[in-house]
Amino acid sequence: MSTGTPRAVVTGLGITAPNGLGTEAYWAATRVGKSGIGRITRFDPSAYPARLAGEVPGFTASEHLPSRLMAQTDHMTRLALVATDWALADAGVVPADLPPYSMGVVTASSSGGFEFGQGELQKLWAEGSQYVSAYQSFAWFYAVNSGQISIRNGMKGPSGVVVSDQAGGLDALAQARRQIRKGTRLVVSGSVDASICPWGWVAQLAGGRLSTGDDPGTAYAPFAPSAAGHVPGEGGAILVVEDEAAAAERGATVYGHLAGYGSTFDPAPGSGRPPGLRKAVELALDDAGLAPGDIDVVFADAAAVPELDRVEAEALNAVFGPRGVPVTAPKTMTGRLYSGAAPLDVATALLAMREGLVPATVTVEPDPGYDLDLVTGQPRVMTVRHALVLARGHGGFNSAAVVGAP
Amino acid sequence: MSARRVVITGVGVTAPDGIGVKNFWGLLTAGRTATRGITFFDPSPFRSRVAAEIDFDPEAHGLGPQEIRRMDRAAQLAVVTAREAVADSGLDPAGADPYRTGVTIGSAVGATMGLDEEYRVVSDGGRLWQVDPAYTVPHLYNYLVPSSFAAEVAWAVGAEGPATVVSTGCTSGIDAVGHAAELIREGSADVMVAGATDAPISPITLACFDAIKATTPRNDDAEHASRPFDGTRNGFVLGEGSAVFVLEELEGARSRGAHIYAEIAGYASRCNAFHMTGLRPDGAEMAEAIRVALQEARLDAETVDYVNAHGSGTKQNDRHETAALKKSLGEHAYRTPVSSIKSMIGHSLGAIGSIEIAASVLAMEHHVVPPTANLHTPDPECDLDYVPLTAREHRTDTVLTVGSGFGGFQSAMVLARPERRAA
Amino acid sequence: MDNQTFTLEDLKRILREGAGADESVDFDGDILDTEFEDLGYESLALLETCGRIEREYAITLDDSVVGEVRTPRRMVEVVNEHLGQTAPA
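Residue numbers (our numbering), protein chains in the order written: chain A, 767 to 1172; chain B, 49 to 471; chain C, -11 to 77.
Please keep in mind that the hints were generated in silico from the structure rather than gathered at the bench.
Check the hints yourself; a few may be wrong.
Distance condition first, Cα-Cα at most 30 angstroms in a straight line; then the derived DSS-like pairs of lysine-lysine [what the hints assert, rightly or not]:
#, chain 1, residue 1, chain 2, residue 2
1, B, Lys363, C, Lys0
2, B, Lys363, B, Lys261
3, B, Lys261, B, Lys375
4, B, Lys261, B, Lys374
5, B, Lys261, C, Lys0
6, A, Lys889, B, Lys363
7, B, Lys375, A, Lys948
8, B, Lys375, B, Lys363
9, B, Lys261, A, Lys948
10, B, Lys374, B, Lys363
11, A, Lys889, B, Lys261
12, A, Lys889, C, Lys0
Quick caveat, the model's predicted, so the values are computed rather than measured.
Start from the sequences, fold in the hints, and give me the full structure.
Now the structure itself:
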């Protein structure tokens, strides 16, 4: 990173996670290994081969959002709007006080407002086209969260939406950093995702990577010999990303900064070329101007699919050496949140820096064959200056980001 | 090191009555329209029953049986179109570093057709809320996540660099190309295969636009149903399609002797922060996007030779856009030809921005600006030179193309001959 | 139903169901002549509301209703005209 490039710092966090609603509740649960995974309650899962998910507890949207917004929003948009309110409050930012064009919104999505979409599809096919809501024209689509956040907060600056499955959460933060570097003062970024509805569920099942286990403690077990798919979750994190000088000027408290990023795509199946995750890690380190030894902890993608776990372990061992760096996957407490996962991992890394404590991976005993220093059982008390966060999306998306202490 | 510059060296288009760049340009310059009564399914329950459909046979365009099975129509369009763009560029993907080649694909509504069809089956015609997993197709996950479009294109062209889908509603097609150009400029890639695709002509899409009366009910005159800037306009006509480009860093393109269509000289996107579907009449945010795009291009408003408009044919858009052009280009807005190709190929949502970039670079290539078809009745609120009915020979070295979309997104891109800009 | 009439209460119910209600507006007050915009309803909310009225009362409203009908009083009148009723709200 060349000198003189403005640093993009994180000054606010808004978290809606299955094991905690709000940053403090989430961190209180995560630091002690308390999981939010359980049997699905949003619909009756008994007829489906996978029945566990991470659902955000205690969220009553109408307590936080005006009734006019309720009619036109999917669950994931409501979570995202509330997470944004909390992130801005945490950052001490009142959007109305800033020039509208100096603030942007860049979020990720994986599958849009799928539950809202199911409702409207049902009306279409069961009742007729004239029963479809006027709000269907945008409530389900991938751009909806950026649009609604921009409207609610009067943000007119450079904005966008990226979709790269789970990797998209880091791609959005990278795009936010890009806009900061180009002169935007503040970008609301990150992602909140949710598709825990029957229609979303069968689509996820078709992906072939869902765990069919019924024990919340063992169903999602990345890097374990028994790994057999993941448990999905809902939620994520919205981050306030700011130009460092602008944040300093207003005396903001800084959690840390987005120091590096790299992204690759796996070769076509059967090409014989190696997977791209290692390259993404190397690109992120180069971008941050750091050596592998500078990284204190890795937040793994943790697919819990044996082949994908192997690829991730090999990439980490190639860059850091066998057991060369502590690795953790707090998402074992939330399930995989699709585009919401990586922003939550970035938030978690920042909270780990703040407290000097790396939360544990809640899983069964890892397979020693992976040669990873996986943080399990107890959280690890340690100083964290730089964390590497990995996120992969279905089809071969690999993204890596380095998060640095203030 | 001087700033890296980004140029377009390959173009592919799959549009209604315009499969392939040659046919597409032929349609536009003839001023022919591709809008018609919907044939994909029985449209009789709907208020608006016209669309611009592509007579697309994926097999005839080189897709294998397995590719066809696993891809939604929008992905099929993107892959066919990307292959045309790469072939046109003359770039040998095998000769390049795959990590330095990336993919950005825009799409507003993803695999809408596939999702609509599959939902109908797993829900047994909407009867079941607890839909039946026994009836899912194996590739339903690819429909759930439109990122599969970028994956398919990356596989098709051998890209292993940054890959993503950009989804900002109806500005996706501009924003995807703008995003890709930014990746080259900052040094994250040397080559980007970038564009957009959408295939939204399905019952759920018709129903949702019916509900907000955004699409035209001019069903008895389908051929002339898309009427941007015309005083009788009453809504847009849904379309489908894809356009994909090969973007390269300027010096790299020059050193391999590539044909350079245009430089992506400037790009900006802003939000109106006003309404998910509504527009304020003053066009302030689109004007701001245009101003910043010109500033990034280091070009004055007076240098714009042609404006490729969003021109959707809704009452509010065309008025909004006209105001934005006046606000940003001043008096020059009145002297510049402005046209909307949606009059001929409809509005393919997230794809159209890229298809309009294709029309823009072809206008530069041929010094011909495409017309706005069906424009017979003046509207006092739309009083610019919209190139009615007939294509026009016109010296075109710099083009401004704009888009406006649900969510409030307003985007602008400036395309110019590289020699037009001082380095 | 021959004697079906559409009242302000019906309109308020349908607005609430389809588009919610602005918390800063007193819907129990005299709102008959308050413009929809001041009640917090923009064109999209009125499109949704008209769609619901059309389905529930099996009538077809003109496209021009949204935009031209600006107050609850006028909306009630227009719907009743379609129902063949002249009863005021």
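Next on the checklist: If you test the structure against every hint from before, which numbers come out violated?
Outcome noted: Structure breaks hint 9 only.
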